[in-house]
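Generate the whole structure from the sequences, applying the supplied hints.
So the protein sequences, as listed, match chains R and X. Positions 60 to 478 (my numbering) are the ones given, in order, by the first sequence. Positions 60 to 478 (my numbering) are the ones given, in order, by the second sequence.
There's no promise every hint is true.
Treat identical chains as interchangeable: a pair holds within one or across any two.
Claimed, not checked - Here are the simulated EDC-like pairs of lysine to aspartate or glutamate, each with C-alpha atoms no more than 20 Å apart in a straight line:
#1 283 with 184
#2 94 with 244
#3 283 with 108
#4 417 with 79
#5 286 with 256
#6 107 with 128
#7 286 with 255
#8 362 with 97
#9 283 with 253
#10 327 with 384
#11 303 with 347
#12 466 with 158
#13 283 with 255
#14 102 with 142
#15 466 with 443
#16 303 with 128
#17 466 with 434
#18 283 with 93
#19 303 with 342
#20 417 with 472
#21 286 with 87
#22 417 with 158
#23 417 with 87
#24 119 with 365
Think of the hints as simulated: they come from the structure by calculation, not from any bench.
There are 2 protein chains.
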Amino acid sequence: MSVESIVSELAASARKAGMELAACSTAEKNEALEKIAEKLLEKASGIKEQNALDLEAARKNGLTDAMIDRLTVDGKTLSAMADGLMEVSRLEDPVGSSDATWIRPNGLAVSRVRIPLGVIGIIYESRPNVTIDAAGLCLKSGNAVILRGGTEAIHSNRALAAVISEALRETAVPEKAVQVVPVTDRNAVNLLLEREDEIDLIIPRGGEGLIRFVAENSRIPVLKHYKGVCHVYVDHPADLAMAKDICFNAKVQRPGVCNAMETLLVHKDAAVSFLPEMGKRFEAAGVEIRGCSRTREILPGAKPAEEDDWHAEYLDLIVAVRVVDRLDSALEHIARYGSQHTEAIVTKDYARAERFLKSVDSSVVLVNASTRFNDGGQLGLGAEMGISTTKLHAFGPMGLRELTTTKFVVRGDGQVRSG
Amino acid sequence: MSVESIVSELAASARKAGMELAACSTAEKNEALEKIAEKLLEKASGIKEQNALDLEAARKNGLTDAMIDRLTVDGKTLSAMADGLMEVSRLEDPVGSSDATWIRPNGLAVSRVRIPLGVIGIIYESRPNVTIDAAGLCLKSGNAVILRGGTEAIHSNRALAAVISEALRETAVPEKAVQVVPVTDRNAVNLLLEREDEIDLIIPRGGEGLIRFVAENSRIPVLKHYKGVCHVYVDHPADLAMAKDICFNAKVQRPGVCNAMETLLVHKDAAVSFLPEMGKRFEAAGVEIRGCSRTREILPGAKPAEEDDWHAEYLDLIVAVRVVDRLDSALEHIARYGSQHTEAIVTKDYARAERFLKSVDSSVVLVNASTRFNDGGQLGLGAEMGISTTKLHAFGPMGLRELTTTKFVVRGDGQVRSG
Numbered sequence: 060m061s062v063e064s065i066v067s068e069l070a071a072s073a074r075k076a077g078m079e080l081a082a083c084s085t086a087e088k089n090e091a092l093e094k095i096a097e098k099l100l101e102k103a104s105g106i107k108e109q110n111a112l113d114l115e116a117a118r119k120n121g122l123t124d125a126m127i128d129r130l131t132v133d134g135k136t137l138s139a140m141a142d143g144l145m146e147v148s149r150l151e152d153p154v155g156s157s158d159a160t161w162i163r164p165n166g167l168a169v170s171r172v173r174i175p176l177g178v179i180g181i182i183y184e185s186r187p188n189v190t191i192d193a194a195g196l197c198l199k200s201g202n203a204v205i206l207r208g209g210t211e212a213i214h215s216n217r218a219l220a221a222v223i224s225e226a227l228r229e230t231a232v233p234e235k236a237v238q239v240v241p242v243t244d245r246n247a248v249n250l251l252l253e254r255e256d257e258i259d260l261i262i263p264r265g266g267e268g269l270i271r272f273v274a275e276n277s278r279i280p281v282l283k284h285y286k287g288v289c290h291v292y293v294d295h296p297a298d299l300a301m302a303k304d305i306c307f308n309a310k311v312q313r314p315g316v317c318n319a320m321e322t323l324l325v326h327k328d329a330a331v332s333f334l335p336e337m338g339k340r341f342e343a344a345g346v347e348i349r350g351c352s353r354t355r356e357i358l359p360g361a362k363p364a365e366e367d368d369w370h371a372e373y374l375d376l377i378v379a380v381r382v383v384d385r386l387d388s389a390l391e392h393i394a395r396y397g398s399q400h401t402e403a404i405v406t407k408d409y410a411r412a413e414r415f416l417k418s419v420d421s422s423v424v425l426v427n428a429s430t431r432f433n434d435g436g437q438l439g440l441g442a443e444m445g446i447s448t449t450k451l452h453a454f455g456p457m458g459l460r461e462l463t464t465t466k467f468v469v470r471g472d473g474q475v476r477s478g
Numbered sequence: 060m061s062v063e064s065i066v067s068e069l070a071a072s073a074r075k076a077g078m079e080l081a082a083c084s085t086a087e088k089n090e091a092l093e094k095i096a097e098k099l100l101e102k103a104s105g106i107k108e109q110n111a112l113d114l115e116a117a118r119k120n121g122l123t124d125a126m127i128d129r130l131t132v133d134g135k136t137l138s139a140m141a142d143g144l145m146e147v148s149r150l151e152d153p154v155g156s157s158d159a160t161w162i163r164p165n166g167l168a169v170s171r172v173r174i175p176l177g178v179i180g181i182i183y184e185s186r187p188n189v190t191i192d193a194a195g196l197c198l199k200s201g202n203a204v205i206l207r208g209g210t211e212a213i214h215s216n217r218a219l220a221a222v223i224s225e226a227l228r229e230t231a232v233p234e235k236a237v238q239v240v241p242v243t244d245r246n247a248v249n250l251l252l253e254r255e256d257e258i259d260l261i262i263p264r265g266g267e268g269l270i271r272f273v274a275e276n277s278r279i280p281v282l283k284h285y286k287g288v289c290h291v292y293v294d295h296p297a298d299l300a301m302a303k304d305i306c307f308n309a310k311v312q313r314p315g316v317c318n319a320m321e322t323l324l325v326h327k328d329a330a331v332s333f334l335p336e337m338g339k340r341f342e343a344a345g346v347e348i349r350g351c352s353r354t355r356e357i358l359p360g361a362k363p364a365e366e367d368d369w370h371a372e373y374l375d376l377i378v379a380v381r382v383v384d385r386l387d388s389a390l391e392h393i394a395r396y397g398s399q400h401t402e403a404i405v406t407k408d409y410a411r412a413e414r415f416l417k418s419v420d421s422s423v424v425l426v427n428a429s430t431r432f433n434d435g436g437q438l439g440l441g442a443e444m445g446i447s448t449t450k451l452h453a454f455g456p457m458g459l460r461e462l463t464t465t466k467f468v469v470r471g472d473g474q475v476r477s478g
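Structure below.
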């Protein structure tokens, strides 16, 4: 079968399955999630066999150890996948809930009711766990999903898809609610991005190159997750012990993720007492400091920061440090170099805390807490599909709610419009 | 100045103005709206002079009377524009409000707070009142706006823009918060659609051709308002007197608008008692009926409906009528031919009413009320920017709330992430 026919059939059957899935009850959807979790453990050896084929090819193609590590599906990965599905089954179902009902003067009762989007396309890179995580979130939010993983994971993804299908056949959820593009033909992505009548939303998950490619080539709306150049601003007066703990956590706890701090801004009156100890703590953890000239007066061992450093998402044990004259200078720096992802202030001053929260145009803005809290689980939304850095539809962590929309439900008793 | 430089300057100054406008208080924004309303009346003669130039050109170019009527700005139009601005000034400001605040187990207080989108581009056809209506809604919701009207209204739109600028110069709202593209060069639209770094949202207002062109050529997210093929389903048992009033209102009260009924579906057991009287009432109002074969057995005077009739948005005194066996047949018809705009059921049956509300995948779904209520004002949202028929970000009438997004505000006292 040609790739055109494959994509066309996938899209049409996803649309139909989406309509059936939208009518499934929360209990039916939860049962399906639990059944998939169960089958994943039951069929572990078959999945690992298929994963071994991907790993063999990866080694032949000279993939790095880090990449092979991400690609590996073992007993631990499968347990984590199954646990994730069980966690999603316990999350509140947004579908059918209503934020508000109001009565119009003519007696009409109007509610905004949450409904699934319909069909979601996920385009992602190597990690096979995305197949299960994304399928779980889409299914629970009542959306059919088409999954397009990387070529390097095709055997693993096909095996996971087979397990999901087998599980769904034993439940009320339509089998075609979760489908994996079964071919590696690169043209399949372009073909998917054209199916605007059957697919309601595209979510790319992966590097910036993948996201830009999808955004530029899609006729379907895309939720984008661009880079995180996250800032912590240490104000004066601030609790400097707290500031040190927050900055250390934001930089060091997991430097390779999008909500890690990349640039530290310090008020000039805090710098002299704050930077030497902070510098020592960073040094002990192997963090390289790249500082502005005022930083280097206090920390002579720091490398000089270039203009590129203020733009950098290091994703590594490196931090850019700048001393600023006042809150306004920090806000200007963030507006100029930030990526609207996550920004935090550490301060004792009420008015400046509130001003920072109001002025900073980022998806998550914090006072006296680590940037690492920009995460669906940490903010109490449950598992997430990524963090949107563009404002339309969703801005920040995308949980189940962000995979739905609302319609207006109107209950009347014969109202007609006059005038 | 080249059109490239004009668009580039407009976009850059809109981005800057948007940031300043986002910090304006509700009182400052309301004062600006009131000042514009005042100036519109004060400068009426100058605006009418410029409008006369557009009307003269329109007559020369042989525009229809209907088009010239839409283009005309007279004392009444200006009063309506001013009243509209005053109405928007009285609407609740969504910016800064929060749906919910919750406390995490570690003590973090998390709120989802409404913020403006930033910069909105509006691309529209002839009516100059859109210039004022759209400017008012964007300004109140804290968004800078770039307005691109039709060539035929360029003198009127420039005059309105001059009045707005003059008014804003006397207020705390930045002058560049509202800008009209001052040239008619067609390339300006394409150039605007490329400014993804400065413009956050594009809203096309006009015919389907305009909307498709914008959707296909924009790199910026687009809120689309496609056609309304709206249905009323008369169930059995239903209050047939109520059904007649609702169907008459939905078809006849204003046939040229998107929320008017285009297709009437009637349960077979209601048809014999309902259709003859309904037919007479339609006939008396000059409505042409195009019926299925079962309709024509009851109304022999009706024209036969072709397949195209089920797809048609007549926007005229024409209605397609189909007799169906049961609710399911009505739901299937709507799923196949509807446009996800507005659908209503008239019924006495509780379970079928609820089933219709749940199953119909349209932006507004009603029980025992006219489709004409799909309107921001009628549903209690205040003035609207159009009705979105796609699901992402907004589905249904777009009021002030739909011109905003949310960010997460997190208040802590030193929390760091563990694990």
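**Asked** What label fits residue 417 with residue 79 when the C-alpha limit is 20 Å: within, between, both, or neither?
**Response** Classified as between; 12 Å across copies, 43 Å inside a copy.
**Message:** Within a copy, between copies, both or neither: which one fits residue 417 and residue 472 at a CA-CA cutoff of 20 Å?
**Reply:** Between. Shortest inter-copy distance 18 Å satisfies the 20 Å Cα cut-off; intra-copy 44 Å does not.
**Request:** Indicate which option fits the pair residue 283, residue 184 if close means a Cα-Cα distance not exceeding 20 Å: within, between, both or neither.
**Result:** Answer is within: at 15 Å inside a copy they meet the 20 Å cutoff, but 31 Å across does not.
**Asked** Between residue 417 and residue 158, at a C-alpha cutoff of 20 Å, which is it: within one copy, between copies, both, or neither?
**Response** Between copies only: 16 Å across, 25 Å inside.
**Asked** Given a CA cutoff of 20 Å, do residue 303 and residue 347 count as a within-copy pair, a between-copy pair, both, or neither?
**Response** Classified as within: same-chain Cα gap 16 Å, cross-chain 77 Å, threshold 20 Å.
**Message:** Please sort residue 283 with residue 253 into within, between, both or neither, judging by C-alpha distance up to 20 Å.
**Reply:** Both, since 17 Å and 17 Å are each at most 20 Å.
**Message:** For residue 102 and residue 142, with the copy left unspecified, which applies at a CA distance of at most 20 Å: within, between, both, or neither?
**Reply:** For residue 102 and residue 142, the Cα distance is within 20 Å only inside one copy (15 Å; across copies 68 Å).
**Message:** Within, between, both or neither: how does the pair residue 286, residue 87 come out at a Cα-Cα threshold of 20 Å?
**Reply:** neither (37 Å within a copy, 35 Å between copies)
**Prompt:** Are the CA atoms of residue 303 and residue 128 at most 20 Å apart within a copy, between copies, both, or neither?
**Reply:** Cα proximity of residue 303 and residue 128: none, with 33 Å in one copy and 68 Å across.
**Message:** Within a copy, between copies, both or neither: which one fits residue 286 and residue 256 at a CA-CA cutoff of 20 Å?
**Reply:** between (30 Å within a copy, 15 Å between copies)
**Asked** For residue 327 vs residue 384, is the C-alpha pair at or below 20 Å within one copy, between two copies, both, or neither?
**Response** within (5 Å within a copy, 78 Å between copies)
**Asked** Under a CA distance limit of 20 Å, which applies to residue 107 and residue 128: within one copy, between copies, both, or neither?
**Response** within (14 Å within a copy, 71 Å between copies)
Checked against the numbered hints given earlier, this structure breaks hints 2, 3, 8, 16, 18, 21 and 24; the rest are met.
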